[in-house]
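In case you want the letters, here they are:
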Amino acid sequence: MLTSMKLILPALIPSWRFFDVIAPSPRIEFSVFEGVDSVERDWHEFRPRPDHLSMIEIIKRVFWNPSWNESLFMMSCAERIMAGQEEHSRHAIMQRICNDYKAALDDVMNDRFVQFRLVFVSREGDEIRRHVAYTSPLERLDDEAQI
Amino acid sequence: MSFELAVRITEIMIALVFLHQSVEHLSVCKRGRGLFIVRIVMCVLLIVGVYTPWVCLGLVINALLILHRFQGPYNGGSDRMGVLILCAITLVHFMPEQAWREIAFGYLAMQLVLSYFISGGVKIVNADWRSGRALADVFLFSAYPASESMRGWAEKPRLLFVMSWAVMVFELVFPFAMLSQETLIAALVIAGVFHLGNACIFGLNRFFWVWLAAYPSILWLQGRILDLGY
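Here the protein sequences come in this chain order: A and B.
Using my numbering, the first residue of the first sequence is number 38, and each one after it goes up by one.
Using my numbering, the first residue of the second sequence is number 85, and each one after it goes up by one.
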């Protein structure tokens, strides 16, 4: 009951503080590798945005944008991890990374592990800084069920 | 706009918003499909107008379960506005007296005004917003620009300065649009274009649709206030 109240109260009494400060922005990077002892990591950005969108694609996205909305949820999960709500958010991110990775490949994935990290991008003076704020534990790729 | 008409339009619009969100969800999410299938069925019932009070209550319970499932809103402010609209129209149906029904619906209209006014207020007290730097940062390194090429806007400081002030001034003067029906309609058109722009540039399509669903409440409230002779 208390949890339900905590979840619904911000909707009933919203703060409406949109973009009040431009906080460091999270990026999710993941690495898939063979063998739990592997130390080399080849980090890839999770769902990088396209280089360019045509006007037709932009208009289409006003009506249909599920993948982008899911990516925004991933950003919320990244921020929640940093706020201490780790378990649910880590699981949500890991599931989607695994699903995307499996969907992109057809090969057999024996003994593959996955890990992700959160890189926060911010501006300090005129410089753009990136710093790794969180690195997830390793998980076996096959352990992550469908979302 | 009469109270009954404004509430009915809001019901239909929020049902369409939830329907759209649910179909989007089902296209990417394989777990928890049941919650969204039930939501779709209830949205159809709400549009048709069958057992409306109970359907609204069912949608509130469904929204709560979805909040639990994602441990919070799926898409921040847009989900919160959706739940706020839903709770307001649900209260309208369960309040015993007309005055209380109007207070519930008026609360939604008031929150819509505050959504602009507070948003403008928190920006204007920030020096980075006043200089245009904050909006440049949104384009430069935030997660929102829908494509890499849009990040190039960060290099247009004069344009961003003008855009920042246009947004802040519009948000802060929004409550004054309530002074007449013409100014309110003009303000809502501008606000709609603003949300459409955010949907195009930042991919925030959910905000666009859900904020539109709250507009009938403010159109009704303004008429109600004018009727009272203020």
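These are computed hints drawn from the structure, not numbers from a lab.
Hints are supplied without guarantee of correctness; some may be wrong.
[Claimed, not checked] Ranges of calculated distance between the beta carbons of each label pair, as one might list FRET restraints: (1) A:Thr172 x B:Val134: 24 to 30 Å; (2) A:Val99 x B:Met179: 47 to 53 Å; (3) B:Ile187 x A:Thr172: 47 to 53 Å; (4) B:Gly236 x A:Val73: 39 to 45 Å.
A virtual CB, placed ideally from N, CA and C, is assigned to each residue, including glycine.
Now the hints, each set against the structure:
1. A:Thr172 and B:Val134 have their C-beta atoms about 52 Å apart, which leaves the hinted 24 to 30 Å range violated.
2. A:Val99 and B:Met179 have their C-beta atoms about 35 Å apart, which leaves the hinted 47 to 53 Å range violated.
3. Here the CB-CB span from B:Ile187 to A:Thr172 is close to 50 Å, well matched to the stated 47 to 53 Å.
4. Between B:Gly236 and A:Val73 the Cβ separation comes to about 43 Å, which falls inside the hinted range of 39 to 45 Å.
Of the numbered hints given earlier, the model fails hints 1, 2; all others are met.
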